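Per my numbering, residue 5 is the first one in the sequence shown, and the count goes up by one each step.
Hint data in this document are derived by calculation from the structure and do not stem from the laboratory. Since this is a predicted model, take the numbers as computed values, not measurements. One thing to keep in mind: the hints can contain errors.
[Stated by the list, open to error] Quick list of in silico lysine-lysine cross-link-like pairs, DSSO-like style, CA-CA up to 30 Å: (1) K184 x K195; (2) K256 x K290; (3) K260 x K195; (4) K285 x K256; (5) K501 x K487; (6) K513 x K478; (7) K445 x K487.
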Amino acid sequence: MERVECPLCGMRTTERVVNEHLDKGCPPKESVSQANSGSFFTKLTPNSKATKSDSKSENVSSTSSQPQTPQASQGLQTPLKRSAQGEKGDDKAKKKVRLSNVPLAEQVRPQGLDDFIGQEDIVGEYGILRRFIERDSCPSIILWGPSGVGKTTLARIIAATTHSRFVELSAAVHGISDCKKIFEEARNDKKLLNRNTIVFMDEIHRFNRAQQDTFLPHVERGDITLIGATTENPSFKVNGALVSRCRVIVLKKLKKEHVATIIGRAVAIVNENRINDNLGKVNVSKDTVDYLSGLSDGDGRVALNVLEIAINTAPKSEGQEQVEVSLDMVKDTLKRTHMLYDRVGDSHYDTISAFHKSVRGSDPDATLFYLGRMLESGEDPLYVARRMVRIASEDVGLADDSCLPFAVSTYTAVQQIGMPEADCILAHCAVKLATAPKSVKVYKAYNAVKSLLSTEPGAAASVVPIHLRNAPTKLMKQIGYGKDYKYNPDYINGECKQDYMPEGLESVKFLSNEHLGTQRDPELD
């Protein structure tokens, strides 16, 4: 049984007897022990009654004849007040235990619309979602927005305010069998209790088209009200028939000032709850708040996670009442954790650049290292897949034509499967590109074309030779369009003498005969 501390005398005892202990004016521990030493199941006899009566008389006598301390006297006169104090201390202790393992982001989660930060256009005074929630008339909706902007929070606010049954699921952990069970329960609730059911499906884009199809008849018949949350574009990731039956509500990235407000609220909550008794009052400098607000890129959860680690690892000197979370401390925290990678800042671009150059340099080990660093830090896998499609043409090019369709297939696979299963697919493609022969003929040739068009004013407006022009009408044919054009397949090996470049540019060459350059690195000697 949990032991608690008496708020008056500091003696530790069990929850079961602490109130009785307070009512008796905080007697010594021995008295409490003796008073509770009898078994609860002891049969009451006449002798035991007398003993109880005598004991009570002695208590009253001693209370009236012996002087009492102010604490004991106050305790005897107001036992109810004292009990409430004990319960308050009890509740605080229990709250600390309850919150000790709850992430800071969860502690800060708003409980109502008035606490919600950001998205004023949809939850502000005249916002459409606010009106739905306040009237308890929320239709089927899809909440589309980046991570950490409040999609799940809005769903839970709806859960707290609606009179309907609310069921929260996640496509990451629940399957179709779970959904079908909910659908059956929803139909029964509708028939027997006339009660609606709201189903919140987090990360609905993780379900494939066939899985998403199971929602259609139930949404259409009104068996359930669907609230889907997704970070992906519903036009591509959610079944079109399902999208047409839902209102798509777009949530935007939080502004820096929104994230700063969230951080301020988090610090206030940490100082109020004081879960860690060894931690003094937390103070976060303005520079630190500004840095975290920018680092998070509109993701409130990222900012709170970094702040939480910084607070929990902050050094506290002896006798220090306040813990300062400085900018240097936050940066040091980032260096010691995987969250050093910033998805939109310098680290984002530095890491993808290092990855691209490692592939170009045919170093598969470095390629895998930077790939892992991005994926394990939460980078969008499709962003990496897109870059590899580019690498397949820019750096491998004509040296291995199979790499481009392979990279495109990788992108499609990542789209359909998602993380974490797609990590091996991305690694497969990355190693293939890193170990493939390289050619930059196409890349350099097209750059030469762009350079000519931007530096030569007349190049972009140069006249297309008349024999190469399209002649879809009789008039165009009459004025000579397409006249004297030689159809190459009619000639041996398709060879014939014919000009293709505009007049004045006939001698210009863009494509080199070399796949790579001709310089030699002196460090290789």
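Okay, the hints, checked on the actual structure:
1. Annotation: proposed proximity of K184 to K195 holds, straight-line Cα distance about 17 Å (limit 30 Å).
2. A threshold of 30 Å between alpha carbons decides the hint, and for K256 with K290 the separation of about 25 Å falls inside it, so the pair holds.
3. With a CA separation close to 48 Å, the supplied pair K260 and K195 exceeds the 30 Å bound.
4. For a cut-off of 30 Å, the pair hint linking K285 to K256 is broken: about 33 Å separates their Cα positions.
5. A threshold of 30 Å between alpha carbons decides the hint, and for K501 with K487 the separation of about 15 Å falls inside it, so the pair holds.
6. Between the alpha carbons of K513 and K478 the distance comes to roughly 35 Å, so the proposed pair goes past 30 Å and is violated.
7. For the hint linking K445 to K487, the alpha-carbon distance of about 33 Å lies beyond 30 Å, and the restraint is violated.
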